[in-house]
Amino acid sequence: MNKDPVILLIDDEPQILRALKTILSANHFQVTVATTGEQGMALAVAQPPDMIILDLTLPDMDGIQVCEQIREWSRVPIIVLSVRDNEKDKVAALDKGADDYLTKPFGIEEL
Numbered sequence: 050m051n052k053d054p055v056i057l058l059i060d061d062e063p064q065i066l067r068a069l070k071t072i073l074s075a076n077h078f079q080v081t082v083a084t085t086g087e088q089g090m091a092l093a094v095a096q097p098p099d100m101i102i103l104d105l106t107l108p109d110m111d112g113i114q115v116c117e118q119i120r121e122w123s124r125v126p127i128i129v130l131s132v133r134d135n136e137k138d139k140v141a142a143l144d145k146g147a148d149d150y151l152t153k154p155f156g157i158e159e160l
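The opening position of the sequence shown corresponds to residue 50 in my numbering, with each subsequent residue numbered one higher.
Keep in mind that the hints were calculated from the coordinates and are not lab data. Do not rely on the hints blindly, as some may be mistaken.
[Unchecked claim] List time: in silico BS3-like cross-link candidates among lysine-lysine, alpha-carbon distance up to 27 Å:
1. K70 with K153
2. K52 with K70
3. K139 with K70
4. K153 with K137
5. K139 with K52
6. K153 with K139
[To be verified] Between beta-carbon pairs, the in silico distance windows are:
7. Q64 with D109: 17 to 25 Å
8. A95 with G156: 25 to 33 Å
9. E117 with A75: 30 to 38 Å
Here a beta-carbon is modelled for each residue, glycine too, at the ideal position from N, C-alpha and C.
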């Protein structure tokens with residue numbers, strides 16, 4: 050019996066979470082949701098996902114910090130999904146361990 054891959058969404062925007070959860074679930078992914086960096090890291094430890102989709106602008110900490118801390122103990126693929134579209138943020142996220150960086154708004158096919 051195949052288990053659907055698990056994606057951890059770390060984002061504090063309810064509309065983004067709802068849309069991504071609906072789309073990913075329809076494409077046979079299990080989706081876990083966190084709305085803060087701390088909650089996301091705790092879920093990543095307790096229920097290791099197959100991939101993380103991470104926003105940079107979180108209420109409790111910067112997503113780049115979340116990425117850096119997760120990289121201390123995991124190689125799970127991390128895709129940053131953020132409204133921040135400047136080169137500095139993109140380079141910082143990739144330098145701290147993100148595998149890819151997409152800016153909002155984004156296309157579902159792009160993701």
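Verification of the supplied hints:
1. K70 with K153: holds (16 Å)
2. K52 with K70: Given that 27 Å is the threshold and the Cα spacing comes to 17 Å, the pair holds.
3. K139 with K70: With Cα atoms ~24 Å apart, K139 and K70 stay inside 27 Å; holds.
4. K153 with K137: holds (16 Å)
5. K139 with K52: violated (33 Å)
6. K153 with K139: holds (13 Å)
7. Q64 with D109: 17 to 25 Å: holds (20 Å)
8. A95 with G156: 25 to 33 Å: For A95 and G156 the Cβ distance comes to about 32 Å; the hint holds.
9. E117 with A75: 30 to 38 Å: Holds, since E117 and A75 (Cβ atoms, about 32 Å apart) stay within the stated range.
Comparing the model with each numbered hint stated earlier shows that hint 5 is the single one that does not hold.
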